[in-house]
Amino acid sequence: MSRVRVAIVGGSGYTGGELIRLLLFHPMVEISQVASGSQAGHFVHSAHPNLRKISTLRFCHPDDLTTCDVLFLCLPHGVSSGEIERYRTLAPRVIDLSGDFRLRTPDLYRRWYGHEHPAPELLSEAVYGLPELHRAELPEAALVSGTGCMATTSILGLAPLYRAGVVNQSIPLVLEAKVGSSAAGAKAGPSSHHPDRSGAVRSFEPTGHRHTAELIQELGQFEGGELQQMVAFSATAVEMVRGILVTAHVFLNENLEEKAIWRIFREAYQREPFVRLVKERNGVYRYPEPKILSGSNYCDVGFEVDREQQRVVVIAALDNLMKGAAGNGVQALNCMFGWDESLGLTFPGLHPV
Amino acid sequence: MSAVCPECEAAVEVENLIVGEITFCPDCNAELEVLNVEHPEVALAPEVEEDWGE
Chain U
951 MSRVRVAIVG GSGYTGGELI RLLLFHPMVE ISQVASGSQA GHFVHSAHPN
1001 LRKISTLRFC HPDDLTTCDV LFLCLPHGVS SGEIERYRTL APRVIDLSGD
1051 FRLRTPDLYR RWYGHEHPAP ELLSEAVYGL PELHRAELPE AALVSGTGCM
1101 ATTSILGLAP LYRAGVVNQS IPLVLEAKVG SSAAGAKAGP SSHHPDRSGA
1151 VRSFEPTGHR HTAELIQELG QFEGGELQQM VAFSATAVEM VRGILVTAHV
1201 FLNENLEEKA IWRIFREAYQ REPFVRLVKE RNGVYRYPEP KILSGSNYCD
1251 VGFEVDREQQ RVVVIAALDN LMKGAAGNGV QALNCMFGWD ESLGLTFPGL
1301 HPV
Chain W
351 MSAVCPECEA AVEVENLIVG EITFCPDCNA ELEVLNVEHP EVALAPEVEE
401 DWGE
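Chains as they are written, first to last, in our numbering: chain U, 951 to 1303; chain W, 351 to 404.
It is possible that some hints are incorrect.
Pair ranges (Cβ atoms, derived) [unchecked claim]:
| id | chain 1 | residue 1 | chain 2 | residue 2 | range |
| --- | --- | --- | --- | --- | --- |
| 1 | W | E363 | U | G1064 | 49 to 59 Å |
| 2 | U | T1055 | W | A395 | 47 to 57 Å |
| 3 | U | D1256 | W | E363 | 41 to 51 Å |
| 4 | U | D1256 | W | N386 | 28 to 38 Å |
| 5 | U | G1233 | W | N366 | 18 to 28 Å |
| 6 | U | P1089 | W | P356 | 38 to 48 Å |
| 7 | U | G1299 | W | N366 | 29 to 39 Å |
Which bits of chain U does chain W cover? Going by a derived footprint, with three or more residues having C-beta under 8 Å, they are [said to hold, decoys possible]:
| id | segment |
| --- | --- |
| 8 | 1042-1049 |
| 9 | 1207-1213 |
It is worth saying that the hints were derived from the structure and are not from the lab. C-beta atoms are modelled at their ideal positions from N, C-alpha and C, and glycine is treated no differently.
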């Protein structure tokens, strides 16, 4: 059986590099081209030194892309939607890892991105590429969006409780994400200058983060629309390169005991290949810890019940470049083609790291 | 046949264990004492009490 020919646009960034790393070892895929406007002509390993002696691919210019079976877009937000028509002529199936096609309605996009979407007619067609919630839609999808890294962490942590209908939505959902520096992308700026970034615990978006819109959309689907509950989401940059830890506070509409919450999460995730429940009575790693997820496609989800306040604290962690971006994209690709979802994604992470 | 973890309700395998043996829940890592293997049953193992010298 011939391999599926995959090309990558925006291959010099961190997400693109991670995607190349994964696809080079994917048994059903052949990378046909990797495009980069800034790195055309250079070896791929000049931007991604971990790929030295593994691949002799060179970046091509985006104008030189030819047709393929699947096109991955790893471009900055706002770029792919402006050129989506051309990209769709190059491949019958496109996976856009940017934020451009994550939201289903032009109205939700306008509210959170502050401007009209350049291709609003495609928003309802694109499938939100989170296999855990949209697996059934992926085999037929021609346009798949990536998922926001902090949104993915939050949604995977919270979806079981919303699906079970146990959340008291008259009380705001409060959650906070701590995120590593690679989530800010490969382009340097004053805020990433080492003396300023190193050691920082920086509240960079206490309110108004765009990933909130993905929570409103995805957690609301269990009741057939957008989430009506108030969502208070804050994002903080911390001293990590990779990784996200989300802590979410959910108030329940009944005073459930801990075993009932276990049942809800176990029912949701016992058959999921990349979501693990982490809530242990013993040991050092009793709750999800992003550090040990570096390079893996796992999202670890844990919780603690506060029966005094009828509250569940949900803790979720992942690697923002993997389950939060490229790894999740490969998992979605596997679903689209009906392959084993774990193909190319079996690296378990490192310990110690 | 498996027992049920009293902490998180996970299935706990007791085959090849003996009554009184200590095992661990595969999900929540609770330390468990095997109470019965024919009709699988486990209980949270007694925790070691701290002696504060009082």
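Structure-based check of each hint:
| no. | hint | result |
| --- | --- | --- |
| 1 | E363/W to G1064/U: 49 to 59 Å | 55 Å, holds |
| 2 | T1055/U to A395/W: 47 to 57 Å | 53 Å, holds |
| 3 | D1256/U to E363/W: 41 to 51 Å | 32 Å, violated |
| 4 | D1256/U to N386/W: 28 to 38 Å | 34 Å, holds |
| 5 | G1233/U to N366/W: 18 to 28 Å | 24 Å, holds |
| 6 | P1089/U to P356/W: 38 to 48 Å | 42 Å, holds |
| 7 | G1299/U to N366/W: 29 to 39 Å | 30 Å, holds |
| 8 | 1042-1049 | violated (count 0) |
| 9 | 1207-1213 | holds (count 4) |
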